[in-house]
Amino acid sequence: MIMFFDSGFNRIFKQMSNSFFNIDDICEEFKGNGSDSGSCCYGYTMTVGPDGKLVVKEFGNVKPDLLPTSNTREPLVDIIVDEKEKVVKLIAEMPGVEKTDVKVVVENKIVDLSAEHDEKKYHVKVPVKHKVDENSAKASYKNGILQIVFKLVEEEKAKGGG
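Add 83 to the 1-based position in the sequence shown for the numbering used here, that's all there is to it.
Incorrect hints may appear among the rest.
[To be verified] Ranges between beta-carbon positions, derived for each pair:
{"no.": "1", "residue 1": "227", "residue 2": "165", "range": "37 to 47 Å"}
{"no.": "2", "residue 1": "208", "residue 2": "228", "range": "14 to 24 Å"}
{"no.": "3", "residue 1": "133", "residue 2": "201", "range": "36 to 46 Å"}
{"no.": "4", "residue 1": "135", "residue 2": "200", "range": "35 to 45 Å"}
{"no.": "5", "residue 1": "178", "residue 2": "140", "range": "26 to 36 Å"}
{"no.": "6", "residue 1": "213", "residue 2": "128", "range": "32 to 42 Å"}
{"no.": "7", "residue 1": "237", "residue 2": "161", "range": "20 to 30 Å"}
{"no.": "8", "residue 1": "213", "residue 2": "188", "range": "10 to 20 Å"}
{"no.": "9", "residue 1": "179", "residue 2": "135", "range": "10 to 20 Å"}
{"no.": "10", "residue 1": "195", "residue 2": "236", "range": "31 to 41 Å"}
[Said to hold, decoys possible] With a straight-line cut-off of 27 Å between C-alpha atoms, the simulated DSS-like cross-links for lysine-lysine are:
{"no.": "11", "residue 1": "234", "residue 2": "186"}
{"no.": "12", "residue 1": "204", "residue 2": "182"}
{"no.": "13", "residue 1": "208", "residue 2": "234"}
{"no.": "14", "residue 1": "186", "residue 2": "136"}
{"no.": "15", "residue 1": "214", "residue 2": "167"}
{"no.": "16", "residue 1": "169", "residue 2": "204"}
{"no.": "17", "residue 1": "234", "residue 2": "212"}
{"no.": "18", "residue 1": "136", "residue 2": "225"}
{"no.": "19", "residue 1": "225", "residue 2": "182"}
{"no.": "20", "residue 1": "208", "residue 2": "192"}
{"no.": "21", "residue 1": "234", "residue 2": "221"}
{"no.": "22", "residue 1": "221", "residue 2": "140"}
{"no.": "23", "residue 1": "208", "residue 2": "225"}
{"no.": "24", "residue 1": "203", "residue 2": "169"}
{"no.": "25", "residue 1": "225", "residue 2": "203"}
{"no.": "26", "residue 1": "203", "residue 2": "234"}
{"no.": "27", "residue 1": "225", "residue 2": "186"}
{"no.": "28", "residue 1": "204", "residue 2": "192"}
{"no.": "29", "residue 1": "182", "residue 2": "221"}
{"no.": "30", "residue 1": "169", "residue 2": "225"}
{"no.": "31", "residue 1": "167", "residue 2": "204"}
{"no.": "32", "residue 1": "204", "residue 2": "186"}
{"no.": "33", "residue 1": "221", "residue 2": "169"}
{"no.": "34", "residue 1": "208", "residue 2": "169"}
{"no.": "35", "residue 1": "212", "residue 2": "186"}
{"no.": "36", "residue 1": "225", "residue 2": "212"}
{"no.": "37", "residue 1": "192", "residue 2": "167"}
{"no.": "38", "residue 1": "221", "residue 2": "186"}
{"no.": "39", "residue 1": "192", "residue 2": "169"}
{"no.": "40", "residue 1": "136", "residue 2": "182"}
In short, the hints are calculated from the structure, not lab data.
The structure displayed is predicted, hence computed values, not measured ones.
C-beta atoms are modelled at their ideal positions from N, C-alpha and C, and glycine is treated no differently.
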């Protein structure tokens with residue numbers, strides 16, 4: 084299906100986009116400081132959570148109204164809970180690095196992802212809110228997509244006294 088939008092929609096969309104920030108202005112200001120710390124990257128995803136509420140996640144090395152603090156990018160990360168297969172999947176987009184460049188550390192319900200290859204540098208700490216078996220992690224990396232699968236830990240049911 085192809086949809087065409089009128090100029091009113093385009094005007095509203097431009098106003099919404101401008102309310103976040105103008106990436107060109109930020110990059111020009113950044114270049115003016117004489118820094119060579121790499122490119123600017125900022126983005127966000129909007130999804131509907133299982134409770135029907137909107138979930139907005141930011142990623143990148145630039146936050147609105149701020150200059151980049153490093154040349155390390157924050158990869159886009161999604162967490163998918165599959166109750167049927169009893170697993171939690173963590174999927175991170177890290178293009179431009181090799182499988183051998185990726186480092187994953189899991190500790191205290193935090194997954195620390197990092198990778199560095201030539202000019203590409205990624206780092207993010209992802210909290211895992213579900214009860215998982217940290218030792219069950221199985222990772223795969225293909226075409227810039229890292230996928231880590233954890234087994235869900237079954238909640239222990241309270242034992243009733245008879």
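Each hint tested on the structure:
{"no.": "1", "hint": "227 - 165: 37 to 47 Å", "verdict": "violated, 22 Å"}
{"no.": "2", "hint": "208 - 228: 14 to 24 Å", "verdict": "holds, 19 Å"}
{"no.": "3", "hint": "133 - 201: 36 to 46 Å", "verdict": "holds, 39 Å"}
{"no.": "4", "hint": "135 - 200: 35 to 45 Å", "verdict": "holds, 40 Å"}
{"no.": "5", "hint": "178 - 140: 26 to 36 Å", "verdict": "violated, 18 Å"}
{"no.": "6", "hint": "213 - 128: 32 to 42 Å", "verdict": "violated, 19 Å"}
{"no.": "7", "hint": "237 - 161: 20 to 30 Å", "verdict": "holds, 24 Å"}
{"no.": "8", "hint": "213 - 188: 10 to 20 Å", "verdict": "holds, 18 Å"}
{"no.": "9", "hint": "179 - 135: 10 to 20 Å", "verdict": "violated, 36 Å"}
{"no.": "10", "hint": "195 - 236: 31 to 41 Å", "verdict": "violated, 20 Å"}
{"no.": "11", "hint": "234 - 186", "verdict": "holds, 20 Å"}
{"no.": "12", "hint": "204 - 182", "verdict": "holds, 13 Å"}
{"no.": "13", "hint": "208 - 234", "verdict": "holds, 19 Å"}
{"no.": "14", "hint": "186 - 136", "verdict": "violated, 33 Å"}
{"no.": "15", "hint": "214 - 167", "verdict": "holds, 15 Å"}
{"no.": "16", "hint": "169 - 204", "verdict": "violated, 32 Å"}
{"no.": "17", "hint": "234 - 212", "verdict": "holds, 13 Å"}
{"no.": "18", "hint": "136 - 225", "verdict": "violated, 32 Å"}
{"no.": "19", "hint": "225 - 182", "verdict": "holds, 8 Å"}
{"no.": "20", "hint": "208 - 192", "verdict": "holds, 10 Å"}
{"no.": "21", "hint": "234 - 221", "verdict": "holds, 9 Å"}
{"no.": "22", "hint": "221 - 140", "verdict": "holds, 25 Å"}
{"no.": "23", "hint": "208 - 225", "verdict": "holds, 21 Å"}
{"no.": "24", "hint": "203 - 169", "verdict": "violated, 34 Å"}
{"no.": "25", "hint": "225 - 203", "verdict": "holds, 16 Å"}
{"no.": "26", "hint": "203 - 234", "verdict": "violated, 31 Å"}
{"no.": "27", "hint": "225 - 186", "verdict": "holds, 15 Å"}
{"no.": "28", "hint": "204 - 192", "verdict": "holds, 23 Å"}
{"no.": "29", "hint": "182 - 221", "verdict": "holds, 14 Å"}
{"no.": "30", "hint": "169 - 225", "verdict": "holds, 23 Å"}
{"no.": "31", "hint": "167 - 204", "verdict": "violated, 35 Å"}
{"no.": "32", "hint": "204 - 186", "verdict": "holds, 12 Å"}
{"no.": "33", "hint": "221 - 169", "verdict": "holds, 14 Å"}
{"no.": "34", "hint": "208 - 169", "verdict": "holds, 23 Å"}
{"no.": "35", "hint": "212 - 186", "verdict": "holds, 21 Å"}
{"no.": "36", "hint": "225 - 212", "verdict": "holds, 26 Å"}
{"no.": "37", "hint": "192 - 167", "verdict": "holds, 22 Å"}
{"no.": "38", "hint": "221 - 186", "verdict": "holds, 13 Å"}
{"no.": "39", "hint": "192 - 169", "verdict": "holds, 17 Å"}
{"no.": "40", "hint": "136 - 182", "verdict": "violated, 35 Å"}
In the structure shown, a violation is registered for the earlier hints numbered 1, 5, 6, 9, 10, 14, 16, 18, 24, 26, 31, 40, in ascending order.
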